[in-house]
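A.B. asks: So the chains spell out like this:
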Amino acid sequence: MQSSSRHPAGSSLTKHRRGGDFGSYGRGLPALSMATVVAIALALALVFFYAPLEAEEGFLQKIFYIHVPLAIVALCGFVIGGLLAIQHLRTRDPKWDFRSYVAIHMSLIFALGALITGSIWARGSWGHWWVWSEPTLVSFLIVFLLYATYQPLRFSIEDPERQSRYASVFAITAGAFVPLNFIAVRLSSAYLHPRVLGSASNLPGPMRLTFLVSLGAISLLFVTLCKYELAAKHTRAQVRALRRRLAGEGVELPRRGRSAAPSATTIAAGRSGA
Amino acid sequence: MRAPLLGELPALPLHEAGKYVAGAYIVVFVLVLIYVAIMALRLSRIERDLGELLELSARAPEHQTSGDEDLSARESTLAYPIEGHT
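One line per chain: the protein sequences are A and B, in this order. The first sequence begins at 1 in the numbering used here and counts up by one. The second sequence begins at 1001 in the numbering used here and counts up by one.
Chain B extracted, bound-state conformation (with noise of 0.2 Å):
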């Protein structure tokens, strides 16, 4: 069963030079992932930093919002623009 379904698949030379052709993808494949493994890192630093936010924000309610002033007005300010001017 396997044999047929194989012999119908584009022959790839995977002699010699195959090792060398799927050694270069492969490396461009793990620097990729290297890439996203350190992605991975740094989100979960920005999480703990959030959780430490939170527990500082909770400690320290004189810095909380008053009135009509929401949280999401609040952070809107503090995001300092890096991209475009309003």
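For reference, chain A alone in the conformation it holds in the complex (with noise of 0.2 Å):
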């Protein structure tokens, strides 16, 4: 690792490309929002023009296509979260937490998305915006709701390097609870919610492959999202040192009010230290 010593924020810092981008967070983000784009046109044409109407419930089984991708994603994402948490724990390089934040702040976003797909198709099926008798909508509303405490937990914590260390101790937690939640749901006997991944391989071959590219979108979406986030995080983080840098050595600027992201000081501040 080569780092300078002209200046105590640019000891921690490595050198980039000359007239760099974004940094390494930029980097491959415009192919990847055009395969993005791409694979979402591609599920939605599939989805309207290609899959056949469900036998009982038609139309409505639409939702199907958006709605299960997006439950899956929100909780693989919750899982890589607490995966990226362990890693920080274990290295204590901030750039895990960093991960493992904008991992958790993504899947917060699709779950919530999954949530109300989820009672949209609900009303539109059963007659009932939610119907809490059954296990499925329930225990993934207490993924929702425990994973909505995450951002709060960061908050509340002022010491950067306590808040890094409290959250990850939560991801890695909640992360354990996610697959268990799971397990546990489809032990359950009594349950009307359609099994998916179960039966996934008995749809029909054009449902299973508009499914699958539904799937593959909405995974892309998630992995591009979380780019822009990171390359936007970092950029800002990089505004800062260079604003602490202009102002010179030993100068504490005042931060612009809290946050529960990982601030550009606790990473600079880990990364000299690691």
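Think of the hints as simulated: they come from the structure by calculation, not from any bench. What you are looking at is a predicted structure, and each value in this text was computed from that prediction instead of being measured. Hints may be right or wrong, so weigh each one.
In silico DMTMM-like links for lysine to aspartate or glutamate, alpha-carbon gap of 20 Å or less [as the list claims (entries may be wrong)]: (1) A:K227 - A:D93; (2) B:K1019 - A:E56; (3) B:K1019 - A:E54; (4) B:K1019 - A:E57.
Here are a few chain A residues that sit away from chain B, every Cβ distance over 10 Å (derived from the structure) [unchecked claim]: (5) A41; (6) G58; (7) Q87; (8) S133; (9) V138; (10) A148; (11) P152; (12) T173; (13) F182; (14) R186; (15) L187; (16) G205; (17) R208; (18) R236.
Even for Gly, the Cβ is constructed at its ideal location relative to N, Cα and C.
Reconstruct the complex from the two isolated chains, following the hints.
C.D. replies: Written out as structure tokens, the structure is:
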């Protein structure tokens, strides 16, 4: 690792390419964005013009192609956030906390989408916006509410080092809860919710293809938005580092409001200590 | 002219179920749109910060680089590495 000793902030900073782009998070982002747009367009075309109507639910079943991939990607994102948090606690490198934070943040948005689309589907299918006796719905809501406390938890801790450590512990614990919760729901006998993963192989060919393309498109959307988020926060942190440097050594600039996100200072300090 | 064209399109049953399906897909679209709007706000904030930094750098000539050190070389040391060790 090559570091600069000209400045406290700079001491923790490695060399980037001259005239660099967003940094490494922005690399490949245009191509990824284009791939996402194409995948979503293809998925929508397959959903509405290729996949046959389901015998029981008819046109309403089209919600399946957006609701289920959103839920799967959100749950996977929560687990990935936990795995990244393990890496953070193992290495003490703030970049893993940063990635874990973004993965959970984005998964929460996708989970919200899954909840709303699921609720709409329930209304059309069962005549109710929410069915409390349905274990899959309630368990997903519990996971969502659990992760909804992640941001307030981070926000409530001022010390950046403690904030990242506690957040990682939370992400690991909650991440382990997600598959356990999933298994528990599947083991429960009284369910009404359509079994998706267990019966995906039983779907007719066009439906299965459409579902898999939709899942791929939503996964790509997740990765793309995560990269956008990482690149944006990275750029903002670079601007802050530049501001600190221009203000001169030893001059502490006030932070503009508190944030639940890992701060640039934390990352820089963590890097220098690593 | 329009009627035959519409007649050739696949029939979408936009009755009772149609509004729910449209609602579900619109919700996802709106969520992504809100996210893009937030990103646009962040971008404008970064632009504003960069403007302030330009002013700051203009007011502090002592911090300017001297001799053969160019700006891009200075910038290279400011970018803290979140990803990748070199």
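A.B. asks: All hints are to be evaluated individually against the structure, with a verdict given for each.
C.D. replies: Status of the hints after comparison with the structure:
1. Using a Cα cut-off of 20 Å, the hinted pair K227 (chain A) and D93 (chain A) holds, with the two alpha carbons roughly 19 Å apart.
2. Our distance criterion of 20 Å between C-alpha atoms is met by K1019 (chain B) and E56 (chain A), whose separation comes to about 18 Å.
3. Straight-line distance between C-alpha atoms of K1019 (chain B) and E54 (chain A) comes to about 17 Å, which keeps the hinted pair within the 20 Å bound.
4. This hinted pair checks out: K1019 (chain B) and E57 (chain A) have alpha carbons roughly 14 Å apart, not beyond 20 Å.
5. The Cβ of A41 (chain A) sits about 13 Å from the closest Cβ of chain B, beyond the 10 Å cut-off, so the non-interface label holds.
6. Not every CB of chain B is more than 10 Å from the CB of G58 (chain A) (nearest about 6 Å), against its label as outside the interface.
7. A cut-off of 10 Å between C-beta atoms confirms that Q87 (chain A) is not in contact with chain B; the least separation is 13 Å.
8. At roughly 21 Å from the closest C-beta of chain B, the C-beta of S133 (chain A) stays outside 10 Å, upholding its exclusion from the interface.
9. With a least CB separation of 20 Å from chain B, V138 (chain A) remains clear of the 10 Å interface cut-off, as annotated.
10. The Cβ of A148 (chain A) sits about 16 Å from the closest Cβ of chain B, beyond the 10 Å cut-off, so the non-interface label holds.
11. Every Cβ of chain B is farther than 10 Å from the Cβ of P152 (chain A); the closest lies at roughly 19 Å, confirming the non-interface assignment.
12. Listed as outside the interface, T173 (chain A) is consistent with that label: its C-beta sits roughly 25 Å from the nearest C-beta of chain B, beyond the 10 Å cut-off.
13. In this structure F182 (chain A) is separated from chain B by more than 10 Å, as the shortest Cβ-Cβ distance comes to about 22 Å.
14. The claim that R186 (chain A) lies off the interface holds: its Cβ sits roughly 24 Å from the closest Cβ of chain B, which is beyond the 10 Å cut-off.
15. Even its closest Cβ contact with chain B, about 29 Å, leaves L187 (chain A) beyond 10 Å, as expected for a residue assigned away from the interface.
16. G205 (chain A), annotated as away from the interface, keeps every beta carbon of chain B farther than 10 Å; the closest lies near 18 Å.
17. Every beta carbon of chain B lies more than 10 Å from that of R208 (chain A), the smallest distance being close to 20 Å; the non-interface claim holds.
18. With 10 Å as the threshold on Cβ separation, the claim that R236 (chain A) sits away from chain B is violated: the shortest Cβ distance comes to roughly 6 Å.
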